[in-house]
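Q: Use the sequences and the hints to build the structure in full.
Protein chains in written order, with the numbering used here: chain A, 68 to 250; chain B, 0 to 394; chain C, 2 to 530.
It is worth saying that the hints were derived from the structure and are not from the lab.
One should not assume that every hint holds.
Claimed, not checked - Below, a list of computed lysine-lysine pairs in the DSS-like style, where the Cα atoms sit at most 30 Å apart:
{"id": "1", "chain 1": "B", "residue 1": "K73", "chain 2": "C", "residue 2": "K530"}
{"id": "2", "chain 1": "B", "residue 1": "K134", "chain 2": "A", "residue 2": "K215"}
{"id": "3", "chain 1": "B", "residue 1": "K385", "chain 2": "B", "residue 2": "K262"}
{"id": "4", "chain 1": "C", "residue 1": "K425", "chain 2": "B", "residue 2": "K73"}
To be verified - Now the in silico label distances, taken between C-beta atoms and shown as ranges:
{"id": "5", "chain 1": "C", "residue 1": "R22", "chain 2": "B", "residue 2": "N30", "range": "51 to 61 Å"}
{"id": "6", "chain 1": "C", "residue 1": "F166", "chain 2": "B", "residue 2": "K337", "range": "52 to 62 Å"}
{"id": "7", "chain 1": "C", "residue 1": "H137", "chain 2": "B", "residue 2": "K385", "range": "33 to 43 Å"}
{"id": "8", "chain 1": "B", "residue 1": "V102", "chain 2": "C", "residue 2": "H160", "range": "43 to 53 Å"}
{"id": "9", "chain 1": "A", "residue 1": "T107", "chain 2": "C", "residue 2": "L483", "range": "49 to 59 Å"}
{"id": "10", "chain 1": "A", "residue 1": "A226", "chain 2": "B", "residue 2": "A389", "range": "31 to 41 Å"}
{"id": "11", "chain 1": "A", "residue 1": "T107", "chain 2": "B", "residue 2": "N30", "range": "39 to 49 Å"}
{"id": "12", "chain 1": "A", "residue 1": "E200", "chain 2": "B", "residue 2": "A389", "range": "33 to 43 Å"}
{"id": "13", "chain 1": "C", "residue 1": "F321", "chain 2": "B", "residue 2": "V102", "range": "48 to 58 Å"}
{"id": "14", "chain 1": "B", "residue 1": "P235", "chain 2": "A", "residue 2": "A120", "range": "45 to 55 Å"}
{"id": "15", "chain 1": "A", "residue 1": "G103", "chain 2": "C", "residue 2": "F133", "range": "12 to 22 Å"}
{"id": "16", "chain 1": "C", "residue 1": "L483", "chain 2": "A", "residue 2": "F96", "range": "40 to 50 Å"}
{"id": "17", "chain 1": "B", "residue 1": "S118", "chain 2": "A", "residue 2": "T107", "range": "22 to 32 Å"}
The beta carbon of each residue, even a glycine, is placed where N, CA and C say it ideally should be.
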Amino acid sequence: MDREATRRANRRVLRNTLVVAAGMFGFGFLLVPIYGAICTAFGINGQTAAIEAAQADKVAVDKSRQVTVQFHAIVNDKLPWAFRPVVSEMKVHPGEVRTIYYTAENLSGRDSVGQATHSVTPDKAAVHFKKTECFCYRQQALKPGERKQMPVRFMLHPALPKDVHEVTLTYTFFNAAAFAVSN
Amino acid sequence: MSVSNYKKTARRLLGAALLLGSGQALAERFNFQPPVTPVAHDIYGLHMMTFWICVAIAIVVFGAMFYSIFKHRKSQGAVAANFHENTKLEVLWTIVPFVILVVVAIPATKTLLYLENTSDAALTVKVTGIQWKWKYEYVDHDNNDANNVSFISTILPDQIAASSSGNSARIDKLNTPEHPYLLTVDHDLVLPINERIRFLVTGNDVIHSFFIPQFGIKKDAIPGYVNETWAEIQKPGVYYGQCAELCGKDHAFMPIVVRAVSKADFAAWMTKKKAEAVKAAEEASSNKVWKLADLIKKGNEIYHGKGGCFGCHGANGLGGGPFPALKGSKVATGPVAKHLHTVIFGVAGTPMQAFGKQLNNLELAAVITYERNAWGNNTGDAVQPKDVAAARKAP
Amino acid sequence: MSTTMTHDAGHHEEHPTGIKRWLFTTNHKDIGTLYLWFSFTMFLIGGTFALVIRAELFEPGLQIVNPQFFNMMTTMHGLVMIFGAIMPGFVGLANWQIPLMVGAPDMALPRMNNWSFWLLPFAATMLVAPMFMGAHFMDGNGPWFGWTFYAPLSLQYNHLAYFVFAIHLLGISSIMGAINIIATILNMRAPGMTLMKMPLFVWTWLITAFLLIAVMPVLAGCVTMLLTDKYFGTSFFNAAGGGDPVLFQHVFWFFGHPEVYIMILPAFGIVSQIIPTFARKKLFGYSSMVYATASIAFLSFIVWAHHMFTVGMPVAGELFFMYATVLIAVPTGVKVFNWVATMWRGSMTFEPPMLWAISFVFLFTIGGLSGIMLAVVPADVQYQDTYFVVAHFHYVLVTGALFGIIGAVYYWLPKWTGNMYSDKLAKWHFWLSLVSVNLTFFPMHFTGLAGMPRRYADYPLEFTRFNQWSSVGAFIFGFSQLLLLILVIKCIRGGQKATSEVWEGAEGLEWTVPSPAPYHTFAIAPEVK
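A: Right, here's the structure in full:
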């Protein structure tokens with residue numbers, strides 16, 4: 068290969084590899100939505116899929132078995148709220164849509180904004196835990212001393228594995244003041 | 000280090016050197032701590048199986064290598080052969096390891112499924128990792144978290160003091176079979192034996208990891224996540240664990256101490272704990288006005304104990320590195336309201352925790368009073384529980 | 002081409018002298034030398050950090066540093082060794098050897114080569130600078146969140162921006178180095194040297210360079226997200242803002258696992274050069290070596306979550322990552338078997354490079370076997386984040402990657418300096434290192450099995466004895482490395498003159514040029530049959 072041809076070939080490698088490197092830098096950021104999508108699709112790390120209310124009503128109810136659903140509440144220390152489920156557990160048939168409530172109360176004398184994250188355990192149940200409505204989809208603001216009941220409408224999909232007898236839903240509320248969005 | 004310390008170190012060094020290769024060294028633990036749950040037993044079996052398979056592989060590979068090294072050396076007159084390929088052989092040593100790995104993977108899969116099956120628990124304990132202590136909450140099935148027995152477990156201050164002194168004589172003295180060094184906390188996690196216990200593990204600030212070797216448990220405690228694991232303890236006793244995920248400065252100083260007792264003893268303990276909780280709540284919410292000296296005394300205990308304040312701000316209130324000093328600080332000697340707000344609600348974006356949920360009004364009043372009067376801060380302020388109650392709702 | 006031929010040796014030996022030579026050099030040999038000295042300097046700094054750790058852990062109680070400082074030491078030890086010592090060490094070897102081994106006059110992009118080296122001292126300075134910020138040095142003001150810088154812990158760190166930009170610079174340097182290596186190997190090979198005739202060191206580096214280009218940008222993305230989370234109000238990793246701390250670990254280990262292979266594949270190449278030379282026998286299974294390396298590189302992209310078995314993953318995910326991980330044992334096994342088969346019925350001698358290569362095969366395999374144990378998920382629940390893991394990755398990175406680099410230095414040093422080194426000093430260095438490295442890291446298996454978590458500044462008394470062994474071993478190992486420094490300096494200054502071939506059984510283009518290798522080599526490309 069003559070010198071000029073080699074130089075051109077080197078430039079080509081430089082250009083191509085730089086494109087790949089730039090692409091991989093972008094891919095690093097792309098991992099964020101990819102991860103989110105995978106988590107929702109497979110119920111990884113307790114991420115549960117939202118479902119349209121109309122769609123949920125069409126699912127046939129499996130009357131042959133009952134599953135106990137437990138509700139838990141955690142408040143991060145930096146959020147001065149009391150937060151608890153109104154009922155701690157209930158038995159449901161897979162396929163039926165139920166509504167439960169959590170209450171949150173701002174114990175402090177200042178306006179406060181919270182954001183909840185949700186976890187469903189065991190892992191294999193997570194993907195079958197469908198919600199049509201949840202307070203965790205957006206930030207919640209509470210005035211000083213304000214108390215609020217917040218609904219969760221959910222359904223256990225009949226495809227839930229038969230060996231799951233108990234499902235636990237846990238919410239953790241964080242102080243979202245630093246990330247507050249005006250509603 | 001003092002002279003006697005140097006001598007001791009030298010003696011230990013010599014001891015270590017002498018033990019090298021002697022039979023006495025075998026007294027050390029070479030393997031897992033004895034398992035006490037079904038899962039830990041299974042893991043132990045799996046571990047030993049994989050280990051022996053690895054030993055067998057090592058014997059074959061190293062055997063061939065060392066045979067070759069001794070036999071096929073130039074000084075022995077060995078003449079190099081000419082082969083550098085053998086398809087049959089190469090296919091063979093691709094397939095055989097693959098088969099061995101399948102043999103390992105089958106029982107591993109079985110144990111994993113067993114390990115991850117957390118269903119049908121008789122008792123649920125919420126475990127929260129906090130820098131640098133653990134919070135345990137026994138979930139009561141009547142479901143009002145106000146009725147749950149809950150407490151924070153912190154390493155005892157004498158352990159930290161001995162550790163930072165670096166004085167091995169002091170450490171040796173502190174270390175007893177009942178209270179091993181660095182494995183002694185103010186409140187043990189008490190659990191019943193022969194029952195399936197489910198742990199819901201989460202984190203409050205950074206990631207911690209709930210690790211109890213003898214239970215075969217290690218689960219990361221992640222803020223915003225709830226992880227599940229379980230144990231069925233087969234023998235009463237005291238079991239130790241430690242945080243296994245780097246969580247900042249005092250990562251090494253947040254042990255887990257489990258006291259496993261019979262079901263009856265557990266029920267009795269639970270009743271006692273509930274009564275204590277009611278009493279403490281009453282005391283904290285009463286309108287009693289406390290004397291300065293009493294508050295300082297109580298606050299001293301909380302600062303160096305349950306609150307874990309000394310972990311960052313130092314036993315002498317001098318702080319260190321990123322952690323501010325309290326001695327002579329603006330917060331601890333300035334307006335009480337600001338001090339109250341800082342301790343109750345924490346400081347966003349910093350490691351300063353919100354203690355409003357960890358401590359009750361009396362405890363908060365005491366620790367704040369202590370901080371305002373210790374180390375020459377002598378403000379003379381006696382913060383009362385009712386002040387804390389007011390501060391919680393202050394605009 | 003013919004014009005260069007007429008004024009070859011004499012004229013081309015001229016080059017600027019003094020500081021200018023090193024600042025402005027575009028010569029692959031000069032740049033290789035710079036990389037190697039930089040790597041050795043960082044190795045000593047990172048080693049000093051390790052000795053602080055081992056001194057502190059010699060007995061229970063905090064005698065020397067506070068826990069924050071201790072955490073800073075474990076963090077800086079990891080970062081400096083990985084990004085400062087091992088990676089630049091391999092790039093230095095690549096700079097010196099790849100053009101010599103493929104018969105090229107220089108690297109393909111010489112000016113970029115200069116730049117990729119000179120970024121490193123600045124990056125290293127930025128990395129260690131925060132250690133000297135803050136009121137008191139002993140507070141531990143440098144990065145203290147572990148080399149894995151998990152969020153949200155690392156978000157609590159005040160000087161995070163220094164760390165982030167240091168990583169950016171290191172990444173840019175690595176990517177440029179990798180591009181240069183790829184271009185050199187693809188475009189600059191001597192006529193007749195087909196891909197499947199390339200020496201294995203060249204092959205392994207080619208694959209490593211592709212790995213670097215694929216994953217260093219992901220690391221850059223990862224630290225950038227951390228930066229914006231810390232200073233610009235985003236919340237990629239903060240649960241309070243709707244982010245996810247576990248996401249950090251996925252992104253990090255997507256880089257982190259291939260990174261492990263970036264640090265070991267070139268060492269595979271080195272060993273594959275050394276063993277045939279001293280066994281006086283062709284490398285067994287050349288093509289299967291190439292395919293095995295490529296498979297390992299490929300598999301390294303689909304096993305990252307095996308670092309996260311205790312994070313909480315669905316069982317199906319854990320099973321997938323377990324199976325993929327144990328699968329890596331197959332191509333790795335092929336390599337080890339091939340090395341043993343190369344020795345088999347050879348005519349072996351045991352000069353220093355061979356000693357390091359054999360101990361590499363032996364000790365790296367131990368690290369590989371403990372890797373199989375770690376891949377088994379339920380057992381990993383016990384091993385994860387204990388000293389067992391520390392023992393494992395030091396067996397693959399110290400007795401693997403580092404022993405590979407040292408072996409390479411012993412192998413090619415006479416070619417670089419033109420002088421043979423002191424055999425006696427080399428033997429002392431080797432045997433002291435071999436004994437002490439095992440004294441340091443083997444007991445860590447036991448400390449780990451007994452349950453001692455890693456990154457602990459202080460520990461319960463039951464772990465004392467093995468920690469003492471490790472500390473004694475570490476100090477012997479650390480100071481033994483000074484023998485290498487003495488040996489290299491002596492070898493540069495003089496000694497018995499080396500022949501072109503240097504080693505009796507050596508084959509390859511680098512042994513056809515005189516020793517020391519002239520400043521410019523292969524101005525006329527050699528023919529490869």
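Q: Given the range 40 to 50 Å, decide if the beta-carbon distance of L483 (chain C) to F96 (chain A) lies inside it.
A: About 45 Å separates the Cβ atoms of L483 (chain C) and F96 (chain A), which means 40 to 50 Å holds.
Q: Starting from the hint 52 to 62 Å, judge whether the C-beta atoms of F166 (chain C) and K337 (chain B) obey it.
A: 36 Å, violated
Q: What's the verdict on K134 (chain B) and K215 (chain A), does the C-alpha distance respect the 30 Å limit or exceed it?
A: 27 Å, holds
Q: Could you see if the CB distance from F321 (chain C) to V102 (chain B) stays within 48 to 58 Å?
A: 19 Å, violated
Q: Check whether the Cα positions of K425 (chain C) and K73 (chain B) lie no farther apart than 30 Å.
A: 20 Å, holds
Q: Starting from the hint 39 to 49 Å, judge whether the C-beta atoms of T107 (chain A) and N30 (chain B) obey it.
A: 42 Å Cβ-Cβ, so the 39 to 49 Å window holds.
Q: Regarding the pair K73 (chain B) and K530 (chain C), is the alpha-carbon distance no greater than 30 Å?
A: Holds, because 29 Å separates the two Cα atoms, which is no more than 30 Å.
Q: Within 33 to 43 Å: is that where the Cβ-Cβ distance between H137 (chain C) and K385 (chain B) falls?
A: 40 Å, holds
Q: State, for the Cβ atoms of T107 (chain A) and L483 (chain C), whether the hinted interval 49 to 59 Å holds or is violated.
A: 56 Å, holds
Q: Can the suggested window of 22 to 32 Å be confirmed for the beta-carbon pair S118 (chain B) and T107 (chain A)?
A: 24 Å, holds
Q: For a C-alpha distance cap of 30 Å, please report whether K385 (chain B) and K262 (chain B) respect it.
A: 40 Å, violated
Q: Quick one: are R22 (chain C) and N30 (chain B) within 51 to 61 Å, going by C-beta?
A: 57 Å, holds
The structure fails to meet hints 3, 6, 10, 13 and 15 from the earlier list, while all remaining hints are met.
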